[in-house]
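J.: Residues per chain, in single letters:
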Amino acid sequence: MKWSLILEIAKALMLARRKQTLIAAIGVMFSITMFVALLGFMNGLNTMLDGLVLNRTPHIRFYNEIKPNPRQPIDQSSEFQNSLNIIRSIKPSTSRLAIHNSTSIIQSLEEDPRVLGVSPKISAQVFFNVGTIDLTGIINGIEVEKEAELFAFTDYVTSGNYEDLNQINTIILGKGAADRMMADIGDVIQATTAQGNRIQLKVVGYYQSGLGDFDNVNSYASLTTVQKMLGEAPSYITDIQVKLIDFNMAPAMAKELAGIFQIDADDIQTVNAQFETGTQIRTLISYAVGITLLVVSGFGIYNILNMMIYEKLDTIAILKATGFNATDVNRIFITIALTIGVVGGVFGLVFGFLAGLGIDQVPFETDALPTIKTFPVDYNPKYYIIGGVFSLITTYFAGFFPARKASGIDPVEIIRGK
Amino acid sequence: MVVLEAQNVDKFFYNPTETQVLKGVSFKVNRGEFVSVVGKSGCGKSTLLYILSTMDTDYKGELYIDNELITGKPQNYLAHLRNEKIGFVFQFHYLLNEFSVLENVMIPGLKLGKLSRQELEHRAMEKLKIFDMQDHALKKANQLSGGQKQRVAVARALINDPLLIMGDEPTGNLDKKNSDIVFEEFKKLASEFGQTMLIVTHDQEFAEGTDRIIEMEDGRVIKQ
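Chains A and B supply the protein sequences, listed in that same order.
Numbered as in my numbering, the first sequence ends at 418 without a single skipped number.
Numbered as in my numbering, the second sequence ends at 224 without a single skipped number.
With the rest of the complex left out, here is chain A:
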């Protein structure tokens, strides 16, 4: 059977019912537009919200936890090692916060092929002296370039230049902390460490993560500044932050490396489990809404094809009487359905993309999100492919039953019925 004839007949039938065909195609177009725009917008938001935390969170963090020594002397004595020993009022041992042998740990991590990058860090508790008041805070000593490269540090420095941090005795203050201290860029502030050392630091910028509590407490300085402030050697580091190539490997690697380095390790999944759940549920909801839209438009096509078949019973009967078989008639109506699906789908994808561009232009400014100026939209081709495939699948099924009905029509009944 020649497809050209089937296409010709399908085209003639569609043109005979131009308005309905157009409405059906617009239905598909509208649902695909909504599907693509909705998913793009939803996932743009998801990525941004997750990024708020996940971008800045190392995939694995190595640190020394302050805790009692698990190997108490009594357990090691030959007399008591097989008995149940209870020690009351146990205290943490005088273990150091600093990571022992940090240089060689960093070196071996950097040689690991699974690791994207390593960034050392020092967390130091300080008091900011503002007049007679002391404000508590944390100064994070960071390696500026690595932090910028791995953890998008620059995105969150809202004013000032992050590179100024490489100069000694400079600080980028958390926005909340800066507001409370009324410190402008260029001002010099004074901080006291827990050990009692006083230091003067020049403010070179503000840091705003979008999480208010975090910004009230956290400030950033270079690794050397903090080491000097604490009076420690250049090898003094309290945290090693690792970014992996595939962050799904984090839990297994954290366990493995913690054992090798004899150190505590946290992985991103354990620390931020709730974010992934939220993302999954939001994605699920947007897919559900999008697919519902498509199914509704599928019913529209089903209706219109059914109507067309009732109107064109004579045509179908005559086609069958003159030698068209059931398969041909079936193909004609499936062709109609798929044409509606393809045309509606293509326009839907185009309009969906345009809708995405439109949403992308809508201003969206909030103090919590310093880097975001407009609504975020994800243009991942995945959504366009899913939308396109679904438009074909739904229209095919919408056409399937009417086409089967049409192909089963007995021409004798129609012709006799006159």
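Honestly, the hints are just simulated from the structure, not real lab data.
Be careful, since some hints might not be right.
[Claimed, not checked] The calculated lysine-lysine pairs, modelled on DSBU-like cross-linking and capped at a C-alpha distance of 35 Å, are:
no.	chain 1	residue 1	chain 2	residue 2
1	B	Lys188	B	Lys40
2	B	Lys73	A	Lys11
3	B	Lys114	A	Lys2
4	A	Lys2	B	Lys40
All figures in this text were calculated on a predicted structure; none of them were measured in a lab.
With chain A's structure known, arrange chain B on it following the hints.
T.: Just chain B now, kept in the frame of chain A:
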């Protein structure tokens, strides 16, 4: 040379109760014959025609077309057979309103797919010329009068040079004048082209102009 042969065809309707519509109908149609089937309304002549046309397959007995047993063949085979060997003219012209007159005539030919589009177009024009309809070739089917439509329908029946043309009261829905024109054309087909035709009619005048009359009554052939 026998073109169509029916042997002991029985047909039952089961709705609402079992009724036998055809009772052991047997006859032959030879090549080049112009045969009419007459009978009162309800005598089963249309039912017989649908069985002979291969569209109705729910019957008992045997049917031969072109010396080939047709009874029990699959639907797709029958569809192809109708396309190639049988031309139809119905009481209601049944043209496709979505297409032009020329396309209507061409469609069964396109379906058969033996000739190219250009050849078919040429051929369809020739068939339309037989019935003096060539000037209307590019009109839509619904722009024609009833008589004109029926002439186009006859042209369409001829496009694949069928072995046999079947008509179900082809003049039944026409006024006297148009009816005469269509009848003249059937006669012309018979005399000039030697076309085999089997026409069901209750128009006595029409029947008398044919080579042979098969008369039916109450589901039986009573006179050949």
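J.: Which hints from the list above does the structure break, by number from lowest to highest?
T.: Hint 4 contradicted; others consistent.
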